[in-house]
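Trainee: Chain by chain, the residues:
Protein chains: 2
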Amino acid sequence: MSEHSSLARAPATEPAGHPVLEPLGRVSRLHGAADVASRLSALRDWLAADLTDLERDLADVGAGGRDLAWRAARHLLAAPGKRVRPLCVMLAARLGGRPFDGAVRAVAVACELVHSATLLHDDVIDLGDARRGAPTARVVYGNAASVLGGDHLLVDALQRVRTTGAAPLLASLLDVIGAMVAGEALQLARRGRFEPDRDAYLEVVQGKTAVLFRWALEAGATLGGLPASSVVALGEVGDALGMAFQLVDDVIDLEGDAGKTTCADLREGKLTWPLVLAAERAPTLAARMRAFAAADGDVPPAEARALVDAVRATGALDDTRAEASRYGARARRRLATLPEGAPRAALEAVVDAALARRT
Amino acid sequence: MSEHSSLARAPATEPAGHPVLEPLGRVSRLHGAADVASRLSALRDWLAADLTDLERDLADVGAGGRDLAWRAARHLLAAPGKRVRPLCVMLAARLGGRPFDGAVRAVAVACELVHSATLLHDDVIDLGDARRGAPTARVVYGNAASVLGGDHLLVDALQRVRTTGAAPLLASLLDVIGAMVAGEALQLARRGRFEPDRDAYLEVVQGKTAVLFRWALEAGATLGGLPASSVVALGEVGDALGMAFQLVDDVIDLEGDAGKTTCADLREGKLTWPLVLAAERAPTLAARMRAFAAADGDVPPAEARALVDAVRATGALDDTRAEASRYGARARRRLATLPEGAPRAALEAVVDAALARRT
Numbered sequence: 002m003s004e005h006s007s008l009a010r011a012p013a014t015e016p017a018g019h020p021v022l023e024p025l026g027r028v029s030r031l032h033g034a035a036d037v038a039s040r041l042s043a044l045r046d047w048l049a050a051d052l053t054d055l056e057r058d059l060a061d062v063g064a065g066g067r068d069l070a071w072r073a074a075r076h077l078l079a080a081p082g083k084r085v086r087p088l089c090v091m092l093a094a095r096l097g098g099r100p101f102d103g104a105v106r107a108v109a110v111a112c113e114l115v116h117s118a119t120l121l122h123d124d125v126i127d128l129g130d131a132r133r134g135a136p137t138a139r140v141v142y143g144n145a146a147s148v149l150g151g152d153h154l155l156v157d158a159l160q161r162v163r164t165t166g167a168a169p170l171l172a173s174l175l176d177v178i179g180a181m182v183a184g185e186a187l188q189l190a191r192r193g194r195f196e197p198d199r200d201a202y203l204e205v206v207q208g209k210t211a212v213l214f215r216w217a218l219e220a221g222a223t224l225g226g227l228p229a230s231s232v233v234a235l236g237e238v239g240d241a242l243g244m245a246f247q248l249v250d251d252v253i254d255l256e257g258d259a260g261k262t263t264c265a266d267l268r269e270g271k272l273t274w275p276l277v278l279a280a281e282r283a284p285t286l287a288a289r290m291r292a293f294a295a296a297d298g299d300v301p302p303a304e305a306r307a308l309v310d311a312v313r314a315t316g317a318l319d320d321t322r323a324e325a326s327r328y329g330a331r332a333r334r335r336l337a338t339l340p341e342g343a344p345r346a347a348l349e350a351v352v353d354a355a356l357a358r359r360t
Numbered sequence: 002m003s004e005h006s007s008l009a010r011a012p013a014t015e016p017a018g019h020p021v022l023e024p025l026g027r028v029s030r031l032h033g034a035a036d037v038a039s040r041l042s043a044l045r046d047w048l049a050a051d052l053t054d055l056e057r058d059l060a061d062v063g064a065g066g067r068d069l070a071w072r073a074a075r076h077l078l079a080a081p082g083k084r085v086r087p088l089c090v091m092l093a094a095r096l097g098g099r100p101f102d103g104a105v106r107a108v109a110v111a112c113e114l115v116h117s118a119t120l121l122h123d124d125v126i127d128l129g130d131a132r133r134g135a136p137t138a139r140v141v142y143g144n145a146a147s148v149l150g151g152d153h154l155l156v157d158a159l160q161r162v163r164t165t166g167a168a169p170l171l172a173s174l175l176d177v178i179g180a181m182v183a184g185e186a187l188q189l190a191r192r193g194r195f196e197p198d199r200d201a202y203l204e205v206v207q208g209k210t211a212v213l214f215r216w217a218l219e220a221g222a223t224l225g226g227l228p229a230s231s232v233v234a235l236g237e238v239g240d241a242l243g244m245a246f247q248l249v250d251d252v253i254d255l256e257g258d259a260g261k262t263t264c265a266d267l268r269e270g271k272l273t274w275p276l277v278l279a280a281e282r283a284p285t286l287a288a289r290m291r292a293f294a295a296a297d298g299d300v301p302p303a304e305a306r307a308l309v310d311a312v313r314a315t316g317a318l319d320d321t322r323a324e325a326s327r328y329g330a331r332a333r334r335r336l337a338t339l340p341e342g343a344p345r346a347a348l349e350a351v352v353d354a355a356l357a358r359r360t
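Respectively, the protein sequence lines represent chains G and E. Add 1 to the 1-based position in the first sequence for the numbering used here, that's all there is to it. Add 1 to the 1-based position in the second sequence for the numbering used here, that's all there is to it.
FYI, nobody ran anything at the bench for these hints, they're computed from the structure. This structure is a prediction, so every number in the text was calculated from the model and none was measured. Incorrect hints may appear among the rest.
Given that identical chains are not distinguished, each listed pair holds provided it fits within a single copy or across any two copies.
[Said to hold, decoys possible] In the SDA-like style, the derived pairs of lysine to any residue whose C-alpha atoms are separated by at most 25 angstroms in a straight line are: (1) 271 with 204; (2) 271 with 67; (3) 271 with 140; (4) 271 with 72; (5) 271 with 66; (6) 271 with 143; (7) 271 with 60; (8) 271 with 342.
Construct all of the structure, not just a fragment, from the sequences and the given hints.
Mentor: In structure tokens, the structure reads:
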């Protein structure tokens, strides 16, 4: 309670300087979410040591492996990421009073590695050229190294969770990875044709994003020794946060800010929520999207911009942010059932920052 | 002892009809290894029920998964494989008196799935077009589905081992997969340049073949409740059998029988033992191999045949089979330290069949 109060009183300075919170804080500040920026600044001080430990562990991943696949994997890990999944593990454990000790850190790092493994494989599947403001690992080291680099990270993540001795966590992480692969495969099967199908979208996003957020919070809560009802509640927070995160990602793809390849999803024929909404509202747009998807990325940029403008004119981008906010509100309602204090306030800030981000 | 005797007395009929032993038996018979064929025939009857169970389990893998990645994975699993790794698990367990029950079957299937996962990823890396006499999964379902199909199989394999409750086996399988990925990555790094380096060859083959054979026999022995010294001995059998298996594979690539893409290794710039030997013996050949490797597969078939003839003229193919036989002999010496009986005789037959095979 006192920790929570001190957070609320924290000065609204810029939360710059830390690789984890800095990006979230910066985008919040830039886009007028001053309150979020202020709370993130306070968090930064509170979590500084934990976040430094996290980055050190991530920098050490694969340190003994000099092969091309490890170099591909380390290339991705070295790029500045938001580290939001490990942050979820850390905060859920702290909610149960457990510090960022060896086991919690192992699980937090494992989350980031599983996420990174899917990015390495995705970039090969989507032929992605840029990520986090840098060339993708597959561009630098080749597709094969990127595939094997992803394999390395999956194995490394599972080994870390195994060393914690928490057998149920290892079992559930295997299930999570299986669900993520199924989500990617489902997305793959729909590639090249555009069908505005809400259920298909939700099924893909469950696999590719929500299950890992859910697991991060459940695993952290379990390690933190929270009661079963709190583990369930945090799992629901993770599910809603993951959905919100993906919906905002969908919008960012069409807003085309720096650091992301503009309209990559659109050009790859991926089903995103704003495209589903726009197609429902303007059937002629659906036909144009199908033509885009069938062209398999081979679309003039001006034509892509024109289609994005038409999508925006339907209100689909604003409404997708609104949908993300509804998931965010659901996450906050579940958080409200948990004990007050700095960890809960931090998770609330993570939810708000995820919604406010523009990159 | 009596089982062993009955095996020795078995009639020398053709061991046809079973998907596991039939291929090993056929190649042995075709190539004059009548004794091996005879012993395999006897084994077939003894192991018939186990092998049927194995094939049924393999046919059920991913039965619930209809996505494109599972279809790619099942495409490979449905092709006739030698199933020699699951056979190793089964026989090592039987050596300890344990039947092919649920846990042993789970580990046996896991071995085949890990092997299959690496094939799915390898075919994407090597752009392989044919395997087991059929188009590769990546040709039928695409590279992306093949990558994700491999991911599915790795997860499935680990889940199966986890369900046995044998935590040390799950841990060691993770290590094995990590070593396999490292072996593939090492091979990848050397691609496009040909350097006849014996140490590099041995390191790659340890990872890509020997560690999984070793694990199969150690895991089976552990499940069979064999004493630690026998587990160690069987691990050494696996190591030697894996090396022998790979050396014979290397020769088969250059012999170009049906079912394999002739000279695929040579064209991909892969370091194989006969190529190392030939390059050591004829430095002008090393230069031609480097040119091949640099051409990245773009070599006229007639030129490839001419190089293979030159390699054969150095005696490298015969000497590689001889080297495989030395590993086979080492495997048999280790087997000789284990209790006599049908399981040991069966493992001896597997070693001999691996050496005798021509496809």
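Trainee: Next, verify each hint and record whether it holds.
Mentor: Cross-check of the supplied hints:
1. 271 with 204: within (13 angstroms within a copy, 41 angstroms between copies)
2. 271 with 67: Only across copies: residue 271 and residue 67 sit 19 angstroms apart there, 35 angstroms inside one copy, limit 25 angstroms.
3. 271 with 140: both (21 angstroms within a copy, 22 angstroms between copies)
4. 271 with 72: Between copies only: 21 angstroms across chains, 29 angstroms inside a chain, cut-off 25 angstroms.
5. 271 with 66: Classified as between; 21 angstroms across copies, 35 angstroms inside a copy.
6. 271 with 143: both (23 angstroms within a copy, 17 angstroms between copies)
7. 271 with 60: neither (32 angstroms within a copy, 32 angstroms between copies)
8. 271 with 342: This pair counts as neither: shortest intra-copy Cα distance 40 angstroms, inter-copy 59 angstroms.
Comparing the model with each numbered hint stated earlier shows that hints 7, 8 do not hold.
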